[in-house]
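In case you want the letters, here they are:
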Amino acid sequence: MIILEDVSKTYSTGSPALNNITLHVKPGEFLFIVGDSGSGKSTLIKLLLRELTPTSGRIIVNNTDVVKLKHGKIPKYRRGIGVVFQDFRLLKDRNVYENVAFAQRIISVPGREIRRNVPSVLSLVGLAEKYRSRPRELSGGEQQRVALARAIINNPPILLADEPTGNLDPKNSWEIMNLLDEINSHGTTVLVVTHNREIVNAMRKRVITMKKGIILSDQEQGGYIDED
Amino acid sequence: MRISTLFFTIGQGIKNIFRNKLFSLATVATIASCVFLFGLFYCVVLNFQNFVREIQTGVAITVFFDEGLPDAEIMKIGDEIAKRTEVSKIVFISAEEAWESFKSEELGGYVDSFGDDNPLQDDANFEIYMNDVSRQETLVKFIEGLEGVRQVRKSVMVASVLTSMNNFVGYISMAIILILLLVSIFLISNTVSIGITVRREEIGIMKLIGATDFVVRAPFVIEGIILGLIGAAIPLAAIYYVYRNVVEYISERFNIISSFLKFLTINQIFSTLMPVSLTLGVGIGFLGSFTTVRKHLRV
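The listed protein sequences derive, respectively, from chains A and B. In terms of this note's numbering, the first sequence opens at residue 1 and continues consecutively. In terms of this note's numbering, the second sequence opens at residue 229 and continues consecutively.
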């Protein structure tokens with residue numbers, strides 16, 4: 001499903017972000033990626049989203065060679081990956097319904113189906129009542145749930161979450177993590193980049209710990225490792 | 229692309245105008261200023277060219293024939309000349325008409341001494357008016373080559389002055405229009421650039437969730453085209469009102485000017501100004517948004 005082989009990334013400034021990373025993620029897995037700031041977690045997410053290309057190495061996602069992907073093929077590739085960010089990245093001038101529907105509109109889903117799918121996915125994340133609200137009228141937790149609804153509405157086989165609880169209180173953090181767990185239980189591969197020690201330790205999932213661009217440890221049903 | 233996606237894209241373009249009211253206002257104001265300046269200049273140039281054309285139509289060359297050439301031969305020569313594309317009008321002046329005209333204009337009280345004689349009996353001629361005086365030399369050469377033609381009188385000075393003036397105005401107007409166009413594109417791309425920088429995050433989000441360049445760009449381009457249309461329509465309305473009233477005012481107040489300077493009507497001006505300005509507005513809006521969005525698509 002996701003294969004990274006000997007992947008390195010050095011930015012144009014000369015600073016190395018990833019150093020010979022090799023990682024295999026099976027379909028349907030739930031994976032935490034943890035590590036300090038500057039350990040290369042976000043670079044990894046950007047490489048998977050094809051926001052960046054590696055300096056060397058191979059990245060295969062859903063049988064697609066991401067490195068060799070042509071510019072025109074990137075949109076179709078990205079539709080196979082749902083993505084959630086720490087800062088939610090919602091379209092601020094559009095309401096909840098429009099934000100979620102937008103992900104379907106860009107892939108030309110018929111209007112009838114959009115009108116059926118959006119309420120259904122909003123119910124799943126517990127926001128059916130708030131479909132007319134603008135992002136600024138929602139709490140952080142609610143905004144993240146809208147982002148989650150947008151990420152899963154096209155049923156992507158992979159979901160990437162970059163610090164999804166970074167801006168949330170513990171209660172909302174748990175709600176989001178429970179939703180991610182539920183999405184994973186339906187077969188979606190979920191990769192979560194996080195600093196949240198409590199959640200990582202409690203959920204007992206596969207944990208990749210990174211430090212200075214390398215993989216420090218890879219544990220099944222692991223926990224948060226103190227790197228010092 | 230599905231019809232629903234097309235309508236969605238157009239809808240987004242229209243909504244964007246209202247979502248970013250300040251930016252939309254700035255864009256319309258910039259395009260409107262440029263088109264207004266262009267329109268004013270266009271009115272002046274068109275009237276000037278018309279003025280020159282009016283003078284040109286009064287410039288004639290006169291063709292005289294060999295002594296004793298029969299009328300039938302003269303008419304044949306007339307037919308040959310009339311076929312030329314340079315010729316707009318050809319007038320035959322018989323020897324009698326030439327003498328009558330000379331008598332009344334030049335001789336005054338001394339006319340009786342000539343009795344029934346017509347000293348201009350070999351001066352029947354054609355007065356030939358041209359579409360374009362710059363082609364006078366070509367026409368004169370052709371006529372001089374015709375059998376039976378004795379002399380061709382031309383006004384070299386007037387023709388060359390008018391031709392030079394016309395060329396000069398043509399070059400100057402092209403240069404000014406080019407400068408105005410460059411300034412417009414510069415101003416518009418700056419305005420659009422500022423507007424799109426604000427929305428760079430939005431473009432980034434669209435790209436990350438799998439929107440194609442077309443889906444991202446189309447609403448911006450539609451927005452640009454609509455703003456361009458509005459930006460061109462406003463100065464057109466202003467020019468329509470201002471030009472009509474100014475021409476009316478000058479005609480009423482300054483009879484001397486209007487007696488030798490015939491202004492074009494607003495309809496004559498608008499028959500070309502309107503399509504040119506609308507194309508300019510739409511073109512600037514399209515190019516400005518198309519090229520500026522392109523810079524932000526590499527996400």
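In case anyone wonders, no lab produced these hints; they're calculated from the structure. The reader is advised that the hints may include incorrect statements.
Claimed, not checked - Here are the computed lysine-lysine pairs in the DSS-like style, where the Cα-Cα straight-line distance is at most 30 Å:
no., chain 1, residue 1, chain 2, residue 2
1, B, K382, B, K369
2, A, K92, B, K523
3, B, K317, A, K92
4, B, K382, B, K490
5, A, K171, A, K68
6, B, K523, A, K68
7, A, K211, A, K171
8, B, K523, B, K249
9, A, K70, A, K26
10, A, K68, A, K46
11, A, K92, A, K205
12, A, K73, A, K26
13, B, K249, A, K70
14, A, K46, A, K171
15, B, K382, B, K304
16, B, K304, B, K317
17, A, K130, B, K304
18, A, K26, A, K46
19, B, K382, A, K73
20, A, K211, A, K26
21, B, K523, A, K46
22, B, K243, A, K130
23, B, K382, A, K76
24, A, K73, B, K304
25, A, K130, A, K73
26, A, K92, A, K68
27, A, K171, A, K92
28, A, K92, A, K73
29, B, K311, B, K243
30, A, K26, A, K68
31, A, K26, A, K205
32, B, K243, B, K523
33, A, K92, B, K243
34, B, K243, A, K76
To be verified - Just some of the chain A residues that point at chain B, by a computed CB distance under 10 Å:
no., residue
35, P75
36, Y77
37, A151
38, K171
Since we're looking at a predicted model, the values are computed, not measured. Each residue gets a CB set at the ideal place from its N, CA and C atoms; glycine is no exception.
Hints and how they fare:
1. The straight-line distance between the Cα atoms of B/K382 and B/K369 is roughly 11 Å, inside the 30 Å bound, and the hint therefore holds.
2. A threshold of 30 Å between alpha carbons decides the hint, and for A/K92 with B/K523 the separation of about 22 Å falls inside it, so the pair holds.
3. For the hint pairing B/K317 with A/K92, the CA-to-CA distance comes to about 70 Å; that exceeds 30 Å, so the pair is violated.
4. For the hint pairing B/K382 with B/K490, the CA-to-CA distance comes to about 26 Å; that is within 30 Å, so the pair holds.
5. For a cut-off of 30 Å, the pair hint linking A/K171 to A/K68 is broken: about 42 Å separates their Cα positions.
6. Taking the CA atoms of B/K523 and A/K68, the gap is about 22 Å. The hint holds against a cut of 30 Å.
7. Pair hint A/K211 plus A/K171 holds up; C-alpha atoms about 29 Å apart against a cutoff of 30 Å.
8. The straight-line distance between the Cα atoms of B/K523 and B/K249 is roughly 23 Å, inside the 30 Å bound, and the hint therefore holds.
9. Restraint check for A/K70 and A/K26: the C-alpha separation of about 25 Å stays at or below 30 Å, so the hint holds.
10. Among the hinted pairs, A/K68 with A/K46 is consistent with the structure: their alpha-carbon atoms are about 15 Å apart, no more than 30 Å.
11. For the proposed pair A/K92 and A/K205, the alpha carbon gap of about 34 Å is over 30 Å, so the pair is violated.
12. At roughly 24 Å between alpha-carbon atoms, A/K73 and A/K26 fall within 30 Å of each other, so this suggested pair holds.
13. The hinted pair formed by B/K249 and A/K70 fails the criterion: a straight-line CA distance of about 37 Å is larger than 30 Å.
14. Of the supplied pair hints, the one linking A/K46 and A/K171 holds, its CA atoms being roughly 28 Å apart against a limit of 30 Å.
15. In summary, the hint linking B/K382 to B/K304 is supported, as the alpha carbons are separated by about 21 Å, within the 30 Å threshold.
16. For the suggested pair B/K304 and B/K317, the alpha carbons sit about 16 Å apart, so the restraint of at most 30 Å is met.
17. Of the pairs offered as hints, the one joining A/K130 and B/K304 is violated, with about 92 Å between alpha carbons and a cut-off of 30 Å exceeded.
18. Restraint check: the Cα-Cα separation between A/K26 and A/K46 comes to about 19 Å, which is no more than 30 Å; the hinted pair holds.
19. Between B/K382 and A/K73 the CA atoms are separated by roughly 71 Å; this puts the pair beyond 30 Å, and the hint is violated.
20. Simply put, A/K211 and A/K26 have alpha-carbon atoms about 23 Å apart, close enough for the 30 Å limit, and the pair holds.
21. A C-alpha spacing of about 20 Å is found between B/K523 and A/K46, which places the hinted pair at or below 30 Å, so the restraint holds.
22. A threshold of 30 Å between alpha carbons decides the hint, and for B/K243 with A/K130 the separation of about 22 Å falls inside it, so the pair holds.
23. For the hint linking B/K382 to A/K76, the alpha-carbon distance of about 74 Å lies beyond 30 Å, and the restraint is violated.
24. As the CA atoms of A/K73 and B/K304 are separated by approximately 75 Å, the hinted pair breaks the 30 Å bound.
25. Distance check on the hinted pair: A/K130 and A/K73 sit about 35 Å apart at the alpha-carbon level, beyond 30 Å; violated.
26. With a C-alpha separation of about 34 Å, the suggested pair A/K92 and A/K68 falls outside the 30 Å cut-off, and the hint is violated.
27. Of the pairs offered as hints, the one joining A/K171 and A/K92 holds, with about 24 Å between alpha carbons and a cut-off of 30 Å not exceeded.
28. Pair hint A/K92 plus A/K73 holds up; C-alpha atoms about 28 Å apart against a cutoff of 30 Å.
29. Under the criterion of a C-alpha separation no larger than 30 Å, the hint pairing B/K311 with B/K243 is inconsistent with the structure, at around 60 Å.
30. For a cut-off of 30 Å, the pair hint linking A/K26 to A/K68 stands: about 22 Å separates their Cα positions.
31. With a CA separation close to 13 Å, the supplied pair A/K26 and A/K205 stays within the 30 Å bound.
32. For the proposed pair B/K243 and B/K523, the alpha carbon gap of about 22 Å is at most 30 Å, so the pair holds.
33. Distance restraint check for A/K92 and B/K243: the Cα-Cα separation of roughly 14 Å lies within the 30 Å cut-off, and the hinted pair is therefore satisfied.
34. Only pairs whose Cα atoms come within 30 Å are accepted, and B/K243 paired with A/K76 is accepted, the gap being roughly 26 Å.
35. At about 4 Å, the closest approach between the beta carbon of A/P75 and any beta carbon in chain B falls short of 10 Å, and the interface hint on this residue holds.
36. Interface hint status for A/Y77: upheld, as the beta-carbon distance to the closest one in chain B is roughly 8 Å, under 10 Å.
37. For A/A151, the shortest C-beta to C-beta distance to chain B is roughly 8 Å, which falls under 10 Å, so the interface hint holds.
38. With its C-beta approaching chain B no nearer than about 27 Å, A/K171 sits outside the 10 Å limit, and its interface hint is violated.
Comparing the model with each earlier hint shows violations of hints 3, 5, 11, 13, 17, 19, 23, 24, 25, 26, 29 and 38; every other hint is respected.
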